[in-house]
Structure formats: C-alpha cells, structure tokens
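Make a model of the complete structure from these sequences and hints.
Line order of the protein sequences matches chains A and B. FYI, in my numbering the residues of the first sequence are 1 to 200. FYI, in my numbering the residues of the second sequence are 201 to 403.
Incorrect hints may appear among the rest.
[To be verified] Lysine-lysine pairs mimicking DSS-like chemistry, simulated, CA-CA at most 30 angstroms apart: (1) Lys331(B) x Lys315(B); (2) Lys315(B) x Lys148(A); (3) Lys384(B) x Lys331(B); (4) Lys396(B) x Lys384(B); (5) Lys396(B) x Lys385(B); (6) Lys321(B) x Lys148(A); (7) Lys396(B) x Lys321(B); (8) Lys385(B) x Lys331(B); (9) Lys315(B) x Lys141(A).
[Unchecked claim] Here are some chain A residues the structure puts well away from chain B; computed CB gaps all over 12 angstroms: (10) Ala15; (11) Thr29; (12) Ser34; (13) Glu63; (14) Glu71; (15) Arg127; (16) Leu145; (17) Lys148; (18) Ser150; (19) Ser158; (20) Thr170; (21) Asp174; (22) Thr177.
Quick caveat, the hints were computed from the structure, so don't treat them as lab data. By construction, the Cβ of each residue, glycine as well, lies at the ideal position given by its N, Cα and C atoms.
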Amino acid sequence: MIETIQKIRAAFPNAVLNETFFRDEYSLTIAISSLRDICLHARDVLGFNYLIDVSSVDHFGEEPRFEMVYELYSMRDRIHLRLKATVSEDDCQAPTVSDIWPTADWHEREVYDMMGIRFVDHPDLRRILMWEGFPYHPLRKDFPLEGKHSDTPGVAFSHPAPLAGGPFVTVPTDGTTQVREPRARHAEDLTTPEKIIANP
Amino acid sequence: MAVGCNRTGGAVFFKIRLAAGESENTLVGMSNTLSPVAYDAKIEGNVIFTQVDAAINWMRSNSLWPMPMGLACCAIELMAASSSRFDISRFGAEVMRFSPRQADVMIVAGTVTYKMALAVKRIWDQMPEPKWCIAMGACASSGGMYRSYAVLQGIDHLIPVDVYISGCPPRPEALLDGLMRLQKKIMGENAVQDQKRELLESI
Numbered sequence: 001m002i003e004t005i006q007k008i009r010a011a012f013p014n015a016v017l018n019e020t021f022f023r024d025e026y027s028l029t030i031a032i033s034s035l036r037d038i039c040l041h042a043r044d045v046l047g048f049n050y051l052i053d054v055s056s057v058d059h060f061g062e063e064p065r066f067e068m069v070y071e072l073y074s075m076r077d078r079i080h081l082r083l084k085a086t087v088s089e090d091d092c093q094a095p096t097v098s099d100i101w102p103t104a105d106w107h108e109r110e111v112y113d114m115m116g117i118r119f120v121d122h123p124d125l126r127r128i129l130m131w132e133g134f135p136y137h138p139l140r141k142d143f144p145l146e147g148k149h150s151d152t153p154g155v156a157f158s159h160p161a162p163l164a165g166g167p168f169v170t171v172p173t174d175g176t177t178q179v180r181e182p183r184a185r186h187a188e189d190l191t192t193p194e195k196i197i198a199n200p
Numbered sequence: 201m202a203v204g205c206n207r208t209g210g211a212v213f214f215k216i217r218l219a220a221g222e223s224e225n226t227l228v229g230m231s232n233t234l235s236p237v238a239y240d241a242k243i244e245g246n247v248i249f250t251q252v253d254a255a256i257n258w259m260r261s262n263s264l265w266p267m268p269m270g271l272a273c274c275a276i277e278l279m280a281a282s283s284s285r286f287d288i289s290r291f292g293a294e295v296m297r298f299s300p301r302q303a304d305v306m307i308v309a310g311t312v313t314y315k316m317a318l319a320v321k322r323i324w325d326q327m328p329e330p331k332w333c334i335a336m337g338a339c340a341s342s343g344g345m346y347r348s349y350a351v352l353q354g355i356d357h358l359i360p361v362d363v364y365i366s367g368c369p370p371r372p373e374a375l376l377d378g379l380m381r382l383q384k385k386i387m388g389e390n391a392v393q394d395q396k397r398e399l400l401e402s403i
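Structure follows, in structure tokens:
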C-alpha cells in the first residue's frame, strides 16, 4: 500500500497536498484540478478498478467550504485508497469521473442534488432524490432539518416539518443510555456534554 | 338474482329477487312458458325491499378491492393481514392486485417521501370513483417519527383520508379494525345522491 502512495506522489509531486494514515487507511488530499489525472492514473496504472463511493462534506464556516471524497478500491491488490479534494463555495464545481468509473454517474448526481456541487462534463446532471425545480440542496449545513417551504407549480410542494422541540439528537458521552438517547436538545447543551451528564 | 328499480313519490325502492335454489336458466324458462306472468307465487318470500343506498353500500362495503400502497414496514403488516393467520378476505378486501383502475380503497402503508408522493398522487388519480383511502400507521397519517425535509407530513396533505390507523407499525388486527370502520362509514353514505346524481335526474 505504501508503495502505491509513493507512486502517486512521484507521478504528481505538486498535486498531492497532504497524506494521512489512520487505522490502516490512507487518505490523500489532492488539488481538485488534478483529480481526473490522478484518477486515470490510479485506474490504469495502479489498478484501482472499483470506485466504492463518491461523497461530499460541507465544512460550513470554513473556506474552502466543500470537500469531495472518493473511495477507491483495487480488486487485484485488495487495497483501499481515499482521495479528498476541496471545492470552494464560489466555484462550486468539480470535474466528473463518470467516464472513468461509470458508477460515479449517479453518485455525482446525488452530490449535486444534496450539496449543490456541479460536475463539469457530466453526461446527465439531473437531481436524483429531490424533484426538478426544488430550489435547495438539503444536506448543506445551512439547510434546516425540518426543511423549507417550496412550491413548483404542477410538480410538487414542500412544507417545513413540525419538529416539536427538536431536532432530536444523540450525544456521545460516557454516560448512561438515558444520557445518550435522542431527545430535544438546545444548541448550548450540545457544546457542554458535562452539563448533560450532570442533568440528563 | 334479478334486480329492479323504480321511483315513486320521491322515494327510491330497490327490489332484489333472490333466486334461492333457482338458477338463472329456470327463471328464463319459466317466463317463456307462462308469459305474460300476472303473478308468480314463487316470488313470495324471495323479495326484499330496501333503500337503494343501503343495497349499494352493502355491496360496496363487503367487496372493497384494495390498492396496496406499501411504502415501508407497514406493508409487512399489510401482507400479514392478507395472509392466512389474519385473512383480510373474511371482510371482502382480499383482492390486492396493484391495479389502481380496479381498486376501491387505497391503503397507504408506510413513509410517504416527497419523491414517492408524486407517484402516490398519480396512482390515486387513476383510481375510479367512488374511492376511499386508509392511512395506515403513524408515517402515512402524520409523517411519524420522520420530521424531515424529505418526508411528507401525512398523506392527507395530498389526498383525502377516510380512516387513520395509529401504530408504528399497526398490528394486522388494527388494519382489520380500520377496514371495518371504513365499512361502517360506507354504510352511512348517500351513495345515490352523492355519486349518481346524473342517473337520478334521468329517471
């Protein structure tokens, strides 16, 4: 596995920005401009013939705001590689890899639908879960869980869902199940887990 | 069974000739040999007078063909209700054929996402009148535990619901209870006045 990382670093000395190793998993942070070159190299030279997943992360409040994550797998060598690349909110687009791994087609449609990142040269960039005309991207951090009002005449409408004191969230603590279990919590409670343990 | 209908003084009567022990052929043969029949002694005890509403509602409520709109785990209970242990056919609602053009009652069983809501509405629109709707379970009734941008908060935002069934998911007995309540509701409807207005005016 480490040879594979070294081969990528040797082939793209300027594109690989960071490298992390955590729990037997390698992650490479790369420049989004070199994504296609590195992906082609990984598939054709290094044998990563399987794209497990494409996902996106919203680092709301930071710049660059978005991050694309590609999970690669080599059936031949049975190794796993994660590629990460940041996308700025102003640009908000990434190159498609759907011609390299056809499975990326629907994954990128989902990322576009949920996060609003557009994929350049994607063959069929339509929404995949929400309907055409829905004006928001629901997995962005600034989109509320209960949703927003929308109306696409003749197609669909949506109303905010009543949360009844929610959102209901779990809290990672060492406390009992009673402390951890989902319930309506205020934002200030979430920042101080000690308070939750003291007052479950 | 021969059915006749006449209207006198504003009241509509509905005659049902129950051919107890007789087949359709014997009736036809009788009218051939004895025609014109002034009085048929055999008809005594075989005629029931009732209101046409009561007769129509009786027929409708005991032969409700469901459109099983199974969307989540409630559909598993719906399947159980139609299987041998609970046997929804005891109540005349066993004809689950995924065929909206022939269905009477849509059983919305499960979480209605906005994405699926478009299809549910379309299938509802394809069902012929008269039609009824059962919202089975918490999700179909109110969105249930899914307080989310992706879930319609109750199918009654889109289509009129006759019976709501609580539970997550409801037991098959609850579905059968809901079905019996719908039958009671149908028995109280003004079937002719509400749904056969043009026919009434033509009589």
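For each hint, the structure was consulted:
1. Lys331(B) x Lys315(B): Given pair Lys331(B), Lys315(B) holds - Cα atoms ~23 angstroms apart, limit 30 angstroms.
2. Lys315(B) x Lys148(A): holds (15 angstroms)
3. Lys384(B) x Lys331(B): Cα-Cα ~15 angstroms, so holds.
4. Lys396(B) x Lys384(B): holds (20 angstroms)
5. Lys396(B) x Lys385(B): holds (18 angstroms)
6. Lys321(B) x Lys148(A): Distance of about 21 angstroms is within 30 angstroms: holds.
7. Lys396(B) x Lys321(B): Roughly 25 angstroms between the alpha carbons, so the hint for Lys396(B) and Lys321(B) holds.
8. Lys385(B) x Lys331(B): Holds - the C-alpha atoms of Lys331(B) and Lys385(B) are around 12 angstroms apart, at most 30 angstroms.
9. Lys315(B) x Lys141(A): Answer holds: Lys315(B) to Lys141(A) is near 22 angstroms, not above 30 angstroms.
10. Ala15: For Ala15(A), whose nearest Cβ neighbour in chain B is about 37 angstroms away, the distance exceeds 12 angstroms, so it holds.
11. Thr29: With a cut-off of 12 angstroms, Thr29(A) remains clear of chain B, as the shortest Cβ separation is near 31 angstroms.
12. Ser34: It holds; Ser34(A) is separated from chain B by about 35 angstroms at its closest Cβ, greater than 12 angstroms.
13. Glu63: holds (26 angstroms)
14. Glu71: With a cut-off of 12 angstroms, Glu71(A) remains clear of chain B, as the shortest Cβ separation is near 24 angstroms.
15. Arg127: Given that some Cβ of chain B is not farther than 12 angstroms from that of Arg127(A), nearest at about 10 angstroms, it is violated.
16. Leu145: Per Cβ check, Leu145(A) is inside 12 angstroms of chain B; nearest 6 angstroms; violated.
17. Lys148: Lys148(A) not clear of chain B: closest Cβ-Cβ about 7 angstroms, inside 12 angstroms.
18. Ser150: The assertion about Ser150(A) is violated, with a minimum of 10 angstroms to chain B.
19. Ser158: violated (6 angstroms)
20. Thr170: The assertion about Thr170(A) holds, with a minimum of 14 angstroms to chain B.
21. Asp174: With a cut-off of 12 angstroms, Asp174(A) remains clear of chain B, as the shortest Cβ separation is near 27 angstroms.
22. Thr177: Since the minimum Cβ distance to chain B is about 18 angstroms, Thr177(A) lies beyond 12 angstroms and the statement holds.
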